[in-house]
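So the sequences go chain by chain: A and B. Just so it is clear: in the first sequence, position 32 is 32 by the UniProt record's numbering, and no numbers are missing. Just so it is clear: in the second sequence, position 98 is 98 by the UniProt record's numbering, and no numbers are missing.
Some clues are possibly wrong.
Which copy is meant is left open, because identical chains are indistinguishable; a pair holds if it fits in one copy or across any two.
[What the hints assert, rightly or not] With a straight-line cut-off of 25 Å between C-alpha atoms, the simulated SDA-like cross-links for lysine to any residue are:
{"#": "1", "residue 1": "Lys47", "residue 2": "Gly213"}
{"#": "2", "residue 1": "Lys65", "residue 2": "Glu78"}
{"#": "3", "residue 1": "Lys47", "residue 2": "His119"}
{"#": "4", "residue 1": "Lys94", "residue 2": "Arg221"}
{"#": "5", "residue 1": "Lys47", "residue 2": "Pro235"}
{"#": "6", "residue 1": "Lys93", "residue 2": "Ala132"}
{"#": "7", "residue 1": "Lys111", "residue 2": "Asp53"}
{"#": "8", "residue 1": "Lys94", "residue 2": "Arg239"}
{"#": "9", "residue 1": "Lys65", "residue 2": "Glu29"}
{"#": "10", "residue 1": "Lys111", "residue 2": "Pro179"}
{"#": "11", "residue 1": "Lys47", "residue 2": "Glu148"}
{"#": "12", "residue 1": "Lys94", "residue 2": "Gly80"}
{"#": "13", "residue 1": "Lys93", "residue 2": "Gly43"}
{"#": "14", "residue 1": "Lys94", "residue 2": "Glu136"}
{"#": "15", "residue 1": "Lys93", "residue 2": "Arg129"}
{"#": "16", "residue 1": "Lys47", "residue 2": "Thr174"}
{"#": "17", "residue 1": "Lys93", "residue 2": "Arg239"}
{"#": "18", "residue 1": "Lys47", "residue 2": "Gly212"}
{"#": "19", "residue 1": "Lys41", "residue 2": "Gln30"}
{"#": "20", "residue 1": "Lys93", "residue 2": "Gln10"}
{"#": "21", "residue 1": "Lys93", "residue 2": "Glu136"}
{"#": "22", "residue 1": "Lys94", "residue 2": "Gln133"}
{"#": "23", "residue 1": "Lys93", "residue 2": "Arg9"}
{"#": "24", "residue 1": "Lys224", "residue 2": "Gln131"}
{"#": "25", "residue 1": "Lys93", "residue 2": "His36"}
{"#": "26", "residue 1": "Lys93", "residue 2": "Gln133"}
{"#": "27", "residue 1": "Lys93", "residue 2": "Met38"}
{"#": "28", "residue 1": "Lys65", "residue 2": "His119"}
{"#": "29", "residue 1": "Lys47", "residue 2": "Gly175"}
Simulated from the structure, these hints should not be mistaken for laboratory data.
2 protein chains.
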Amino acid sequence: MTADATRARQRLFVHDPITAGCEIELAPEQSHYLEHVMRLKPGTPVKVFNGRDGEWLGTISELRKKKGRITAGTQLREQGTEAGPTLVFAPIKKQRLDFLIEKAVELGVGKLQPVITQHGITDKVRRDRLQAQVIEAAEQCERLTVPEIAEPVRLLDWVANGAEDHHLLFCDETGSGSPIGEVLSQLLAKGAGSVIDNINVVNHALVIGPEGGFSADELERIRKQPFATPVSLGPRILRAETAAIAALTVFQDRIGDWSHRPVARD
Amino acid sequence: MTADATRARQRLFVHDPITAGCEIELAPEQSHYLEHVMRLKPGTPVKVFNGRDGEWLGTISELRKKKGRITAGTQLREQGTEAGPTLVFAPIKKQRLDFLIEKAVELGVGKLQPVITQHGITDKVRRDRLQAQVIEAAEQCERLTVPEIAEPVRLLDWVANGAEDHHLLFCDETGSGSPIGEVLSQLLAKGAGSVIDNINVVNHALVIGPEGGFSADELERIRKQPFATPVSLGPRILRAETAAIAALTVFQDRIGDWSHRPVARD
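If we strip away everything but chain A, and leave its shape as in the complex, we get:
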């Protein structure tokens, strides 16, 4: 890495296209953050990405009064693919939800699908707040994409509509399923020819119930679907956010992108 790239401690998600030498307008909050929180000056190197054009080394070319611009320099990483599974989750209490979202992004979630369940504690989801957290986590963990946060839907409606063609691994805390790692390794070994046509990770959805668990009705209706496999997450009772983090981890380890090495670092 060049000295400038090493010095670029800030990494920003931007909406504009990025090409060599282009000028990128920052959002007022980003400018405020760089100027008043990080106390950076024009001339400071930063990294930028937009989910489409890879990662670039840029330089702050203007920064004052909530107005900021970056001049893009050289490309540091190409975009490549960054496919991850969908996480289907019931909203939980604020601090635990924040944690779930941050960790899911770090663990390479492809899409976040909030669902309203019968035992859930809330059906309110502030998507704008989650969106800001998802961007912050993506900037921090060196992802090149920002996962989508879908509109909340009722779990059973989502299932009845074919779950958007996903294969569901639903974390069934009654213990009816086989251990998640075994199920995933079997999927990998089977490959084509089963309900799962291929091991394309974006076709999978990990479904986590609320703190109160799925209702009997929900469990019965999910279990009936040919595209749903119950899985267990060990012998202990996991909180909802722990179950989500653990399921994503095992997914990435067994059939996801954890076979890839980290990008070069010092």
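Use these hints to put chain B onto chain A, whose structure you have.
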């Protein structure tokens, strides 16, 4: 499960031995919690465990003015073994440390070893505070044991003293190691005959660096040890608590107790 066991929503860790019909004195904080937070009355069924005698159904026999007693009834679960790996971690900021501790207990950690590292943000560890969190998490996740929290030590002192005979899986964020899942499956396949004499999970320690990573000196000295194996945790930068949670999850999935089903639940 009996109706009383199903009704027993509270689960308490106690220090006294538990036998059928015995009276168990509660700590003043426990009594206060049951009386004033949960608003329970004498006669209410509760579950108790002490890390040695399994889990018992009991009944509150006295509860007033911070004085409480439980009368033990029938045993619900035998003690059995609950072995888990050691987690070696550098203290991080309060909220993130709380989360790490709670999740580690849910994921079956055997022992928590705080270490002072060269890039760590703090060398202060409030063991009494961590102890209370560990107990609360163990009560909630239905463990039968409460993991030990060891005295903090300097990482390099701990390593120089043979790391208490553990095999170290150190999460090396420079990416020098193979993926953790692969390393664990190889250990399992090799069994005896290697540096690892057996797959006794308590012989393993997962070592997680601080937010700033291990220092060059620390990395070099850990890598030299024949009892240390570097492992990687995928292509993204994980926060320290995410790395700890993810490493423990993969450990339990690959060679730990996740092949066991959950205890029977409704």
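Hint-by-hint comparison with the structure:
Proximity of lysine 47 and glycine 213 under a CA criterion of 25 Å is satisfied inter-copy only: 21 Å between copies versus 42 Å inside one chain copy. Taking the shortest Cα distances, lysine 65 and glutamate 78 never come within 25 Å of each other, neither inside one copy (33 Å) nor across copies (66 Å). Within a single copy, lysine 47 and histidine 119 get their C-alpha atoms only as close as 43 Å, which misses the 25 Å cut-off; across copies the closest is 24 Å, which meets it. For the homomeric pair lysine 94 and arginine 221, neither the shortest alpha-carbon distance inside one copy (29 Å) nor that between copies (42 Å) is at most 25 Å.
In this assembly of identical chains, lysine 47 and proline 235 lie within 25 Å of each other by CA distance solely across copies; the values are 18 Å between and 43 Å within a copy. Taking CA atoms no more than 25 Å apart as the test, lysine 93 paired with alanine 132 passes in both settings, with 17 Å inside one copy and 22 Å between copies. For a Cα distance limit of 25 Å, the shortest separation of lysine 111 from aspartate 53 inside one copy, 20 Å, qualifies, whereas the shortest one across copies, 45 Å, does not. In this assembly of identical chains, lysine 94 and arginine 239 lie within 25 Å of each other by CA distance both inside one copy and across copies; the values are 14 Å within and 20 Å between.
When the C-alpha separation of lysine 65 and glutamate 29 is checked against a cutoff of 25 Å, the pair qualifies only within one copy, where the shortest distance is 11 Å, while the shortest distance between copies is 53 Å. Taking identical chains as interchangeable, the C-alpha atoms of lysine 111 and proline 179 lie at most 25 Å apart whether they share a chain (23 Å) or sit on different chains (24 Å). Within a single copy, lysine 47 and glutamate 148 get their C-alpha atoms as close as 22 Å, which meets the 25 Å cut-off; across copies the closest is 43 Å, which misses it. Neither within a single protomer nor between protomers do lysine 94 and glycine 80 lie at most 25 Å apart by alpha-carbon distance, with minima of 34 Å and 36 Å respectively.
In this assembly of identical chains, the alpha carbons of lysine 93 and glycine 43 never lie at most 25 Å apart, being 42 Å within a copy and 32 Å across copies at closest. Both within a single protomer and between protomers do lysine 94 and glutamate 136 lie at most 25 Å apart by alpha-carbon distance, with minima of 17 Å and 20 Å respectively. Taking the shortest alpha-carbon separations for lysine 93 and arginine 129, both the intra-copy value of 14 Å and the inter-copy value of 23 Å come in at or below 25 Å. Within a single copy, lysine 47 and threonine 174 get their C-alpha atoms only as close as 46 Å, which misses the 25 Å cut-off; across copies the closest is 20 Å, which meets it.
With identical chains, the CA atoms of lysine 93 and arginine 239 are at most 25 Å apart both within one copy (11 Å) and between copies (22 Å). Proximity of lysine 47 to glycine 212 under the C-alpha cut-off of 25 Å is restricted to the inter-copy arrangement: shortest distance 19 Å between copies versus 42 Å within a copy. In this assembly of identical chains, lysine 41 and glutamine 30 lie within 25 Å of each other by CA distance solely inside one copy; the values are 13 Å within and 54 Å between copies. Proximity of lysine 93 to glutamine 10 under the C-alpha cut-off of 25 Å is restricted to the inter-copy arrangement: shortest distance 21 Å between copies versus 30 Å within a copy.
Taking the shortest alpha-carbon separations for lysine 93 and glutamate 136, both the intra-copy value of 20 Å and the inter-copy value of 18 Å come in at or below 25 Å. Within a single copy, lysine 94 and glutamine 133 get their C-alpha atoms as close as 12 Å, and across copies as close as 20 Å, so both meet the 25 Å cut-off. Taking the shortest Cα distances, lysine 93 and arginine 9 sit within 25 Å of each other only across copies (20 Å), while inside one copy they are farther apart (32 Å). In this assembly of identical chains, lysine 224 and glutamine 131 lie within 25 Å of each other by CA distance neither inside one copy nor across copies; the values are 33 Å within and 44 Å between.
Proximity of lysine 93 and histidine 36 under a CA criterion of 25 Å is satisfied inter-copy only: 23 Å between copies versus 31 Å inside one chain copy. Taking the closest pair of Cα atoms, lysine 93 and glutamine 133 come within 25 Å of each other both inside a single copy (15 Å) and across two copies (19 Å). In this assembly of identical chains, the alpha carbons of lysine 93 and methionine 38 lie at most 25 Å apart only when taken from different copies (19 Å versus 30 Å within one copy). Within a single copy, lysine 65 and histidine 119 get their C-alpha atoms no closer than 47 Å, and across copies no closer than 35 Å, so neither meets the 25 Å cut-off.
Taking the shortest alpha-carbon separations for lysine 47 and glycine 175, only the inter-copy value of 21 Å comes in at or below 25 Å, while the best intra-copy value is 45 Å.
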